[in-house]
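From first to last, the protein sequence lines are chains A and B. Residue 314 is where the first sequence ends in our numbering, and the numbering goes up by one at each step. Residue 310 is where the second sequence ends in our numbering, and the numbering goes up by one at each step.
I should point out that these hints are in silico values taken from the structure, not numbers from a laboratory. By construction, the Cβ of each residue, glycine as well, lies at the ideal position given by its N, Cα and C atoms. Heads up, some of the hints might be wrong.
[Unchecked claim] Straight-line alpha carbon distances no greater than 20 Å define the calculated SDA-like cross-link-like pairs of lysine to any residue that follow:
hint	chain 1	residue 1	chain 2	residue 2
1	A	K176	A	I303
2	B	K282	A	I303
3	A	K298	B	I277
4	B	K282	A	L302
5	B	K282	A	K176
6	B	K282	A	S124
7	A	K190	A	P170
8	A	K298	B	H110
9	B	K7	B	L272
10	B	K282	A	R119
11	B	K282	A	P170
12	A	K298	B	L112
13	B	K7	B	V171
14	B	K282	A	E118
15	A	K269	A	G57
16	A	K298	B	N239
17	A	K247	A	K190
18	A	K298	B	R98
19	A	K176	B	N111
20	A	K176	B	S193
21	A	K298	B	A106
22	B	K282	B	I213
23	B	K7	B	R98
24	A	K298	B	Q103
[Claimed, not checked] Over 10 Å on every C-beta distance to chain B, these chain A residues come out as not near it, computed from the model:
hint	residue
25	V14
26	E164
27	R194
28	L259
29	T265
Spelled out from the first residue to the last, the chains are:
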Amino acid sequence: MMGIVAYLVFFAIVVLIFGVATLGLNLQWGTTGLFNAGVVGFYGVGGYTQAILTAPGRPELLGNLGLPWLVGIAGAMAASAIAAAIVGVATVRLRGDYLAIATFGIAVALQLVALNWERLTGGSLGLTSIPRPLASVFEEPLSYDLFYLCLMLAIAGTVYVALERIVRSPWGRVLKAVREDETAAVALGKDARRFRLQAFVLGSTVIGLAGALYVSFIGFVSPFDFVPIITFQIWTMLIVGGSGNNKGALLGVLIVWGLWTASGTLISKLVPAAFQTQGGAVQAILIGLVLVVTLLFKPRGLIGEEPVVSRHLG
Amino acid sequence: MHREAGKTLLAQAVADGLLTGAILALGALGVSLSLQILRFANFSHAELLTWGAYIALTFTTFATAGTPIGPLSFGWQLLLAVVVAGAATGLVALAVDRLVFNQLRARHAHNLTMVFASFGVALILRNLVLLLWGPDAHYYSDELQIAVEVLPGIRLLPDQVFVLALTLVLVLALHLVLRLSRLGMAMRAMAESPALARVCGIETEKAIRWTWIASGMLAAAGGVFLGLTVQLRPDMGFNLLLAIFTAAILGGTGSLFGAVIGGLAVGLAENLSVLIIPSGYKAAVPFMLLMLVLYFRPQGLFGAADRAAT
Numbered sequence: 001m002m003g004i005v006a007y008l009v010f011f012a013i014v015v016l017i018f019g020v021a022t023l024g025l026n027l028q029w030g031t032t033g034l035f036n037a038g039v040v041g042f043y044g045v046g047g048y049t050q051a052i053l054t055a056p057g058r059p060e061l062l063g064n065l066g067l068p069w070l071v072g073i074a075g076a077m078a079a080s081a082i083a084a085a086i087v088g089v090a091t092v093r094l095r096g097d098y099l100a101i102a103t104f105g106i107a108v109a110l111q112l113v114a115l116n117w118e119r120l121t122g123g124s125l126g127l128t129s130i131p132r133p134l135a136s137v138f139e140e141p142l143s144y145d146l147f148y149l150c151l152m153l154a155i156a157g158t159v160y161v162a163l164e165r166i167v168r169s170p171w172g173r174v175l176k177a178v179r180e181d182e183t184a185a186v187a188l189g190k191d192a193r194r195f196r197l198q199a200f201v202l203g204s205t206v207i208g209l210a211g212a213l214y215v216s217f218i219g220f221v222s223p224f225d226f227v228p229i230i231t232f233q234i235w236t237m238l239i240v241g242g243s244g245n246n247k248g249a250l251l252g253v254l255i256v257w258g259l260w261t262a263s264g265t266l267i268s269k270l271v272p273a274a275f276q277t278q279g280g281a282v283q284a285i286l287i288g289l290v291l292v293v294t295l296l297f298k299p300r301g302l303i304g305e306e307p308v309v310s311r312h313l314g
Numbered sequence: 001m002h003r004e005a006g007k008t009l010l011a012q013a014v015a016d017g018l019l020t021g022a023i024l025a026l027g028a029l030g031v032s033l034s035l036q037i038l039r040f041a042n043f044s045h046a047e048l049l050t051w052g053a054y055i056a057l058t059f060t061t062f063a064t065a066g067t068p069i070g071p072l073s074f075g076w077q078l079l080l081a082v083v084v085a086g087a088a089t090g091l092v093a094l095a096v097d098r099l100v101f102n103q104l105r106a107r108h109a110h111n112l113t114m115v116f117a118s119f120g121v122a123l124i125l126r127n128l129v130l131l132l133w134g135p136d137a138h139y140y141s142d143e144l145q146i147a148v149e150v151l152p153g154i155r156l157l158p159d160q161v162f163v164l165a166l167t168l169v170l171v172l173a174l175h176l177v178l179r180l181s182r183l184g185m186a187m188r189a190m191a192e193s194p195a196l197a198r199v200c201g202i203e204t205e206k207a208i209r210w211t212w213i214a215s216g217m218l219a220a221a222g223g224v225f226l227g228l229t230v231q232l233r234p235d236m237g238f239n240l241l242l243a244i245f246t247a248a249i250l251g252g253t254g255s256l257f258g259a260v261i262g263g264l265a266v267g268l269a270e271n272l273s274v275l276i277i278p279s280g281y282k283a284a285v286p287f288m289l290l291m292l293v294l295y296f297r298p299q300g301l302f303g304a305a306d307r308a309a310t
């Protein structure tokens, strides 16, 4: 019984971490129509920055500065913002799929940095014993997980409320206007490129925050925690739930992550050990099908974007 | 003596770069066609290279082994396999269009929705290869080849020379089709303006179908060549995706020879980079090139300025 409770708590924490990342992506894609094909890159920058800033020092490493947890979180968000600005400045003025290609590229390049810059990232072994916030206060692993769950609820709740307010603010309305009809928005004096860049950087910052929260929960980081399929999972969560709707984004996380872990457990039980790679392939095909079928038959997702009409017309 | 060794190293990197570049060019042509005519960045394109390579592998295991042609490591059956794989991969591309992209076009989906879907298609295609052919590396031939000195200091495998030559032939053939045939004219008209092309009575769906078939065939050739000079793995195409996109954008979408030059430039840059940076970062070179192009010349080396703008 306790096993199930412990698992559910763990599951809920992971869902909330992915939830934060999906909310960040929703600001980019759902609200502004920006295609980020390198979600995992920004998620990874956040995670690695958290590790490099807060992990206890080791002589052979450049980083591992042993700074407080909150400094790590702030640094992780800043680093993701900088990475986003580097690709964003070059691509916001170009056609939409160039941003997709550039973000895909930065994710590939960052994966290589994580693997090869051993003095900073620990190479393929990664970094370990990354401090978890207030870890010394709790003795039981379960009570710690419950604490982290509360922490995640608070953070995800804050991000949710903040993004809801932002999207409904005048600034958020411009983002939607740029998405719907850029020419009209520009004609009304809005600098579409600047708004796109701001939305892209802010969304990536939130995704970086999610990466930092993941790493400070798990306690270690390696290049294999940030594989390309994570980009895909986060997208599928958003598209299935309903892009443009933050509630939909969170619902999508729950459904897709549930489906992913359930199919993973099922495959590991049913498929003999020698064919586990093929089992993983079936899982990946499944999630690919979920995305394509949703795009084809329910492009608005389960809860789509709410139509907004000006209150002056109502 | 030291300087001599350095020169040889440089010359060898140039030769290897040209070879990688030829394979990238075959992939970049398809990406370039789809950016122009289908009007979206097709992230599933690199999987067609993988499919081509594996289809050729299956064909060669069924075809009776021919004796190697001259100094090459393979016999006539691999040449035939290129043709068979090209046709079959063209059909795979067509099937993907029918099942997914054509449906989205019919619903007037945004072109970024197509990009989204192409990611899903890529994941499905890549993992189907893993399911059908397994995760292990494969080779077309167990023959060991001895590199021959084509120029002083530059050693190439005979297979590599063959790959370079055949790439040039394929590019020339595509160029002639696009310039001289009615179909090619229809495809170019689509690239200019789909709406105008439709008004002029061009069968746009036919032009789109042939765009898929042509890019599938070129990708298959690239895939077989990649398998011939390296090995076959389920992620062989995916690992080239960034380099292929960079080649297409660097060359400038809108120009076939641009895509070829782009491919060669990326291949050369990758292979020359190992002379100055650790080889672990080799795969990041396309990204650096991509950022340079996007910052300073987003229309590419040979592209028209308006193509890249929003």
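*asked:* Run through the hints listed earlier and report the numbers of any the structure violates, in increasing order.
replied: Violated hints (numbers, rising): 2, 3, 4, 5, 11, 13, 15, 16, 17, 20, 22, 23; every other hint is consistent with the structure.
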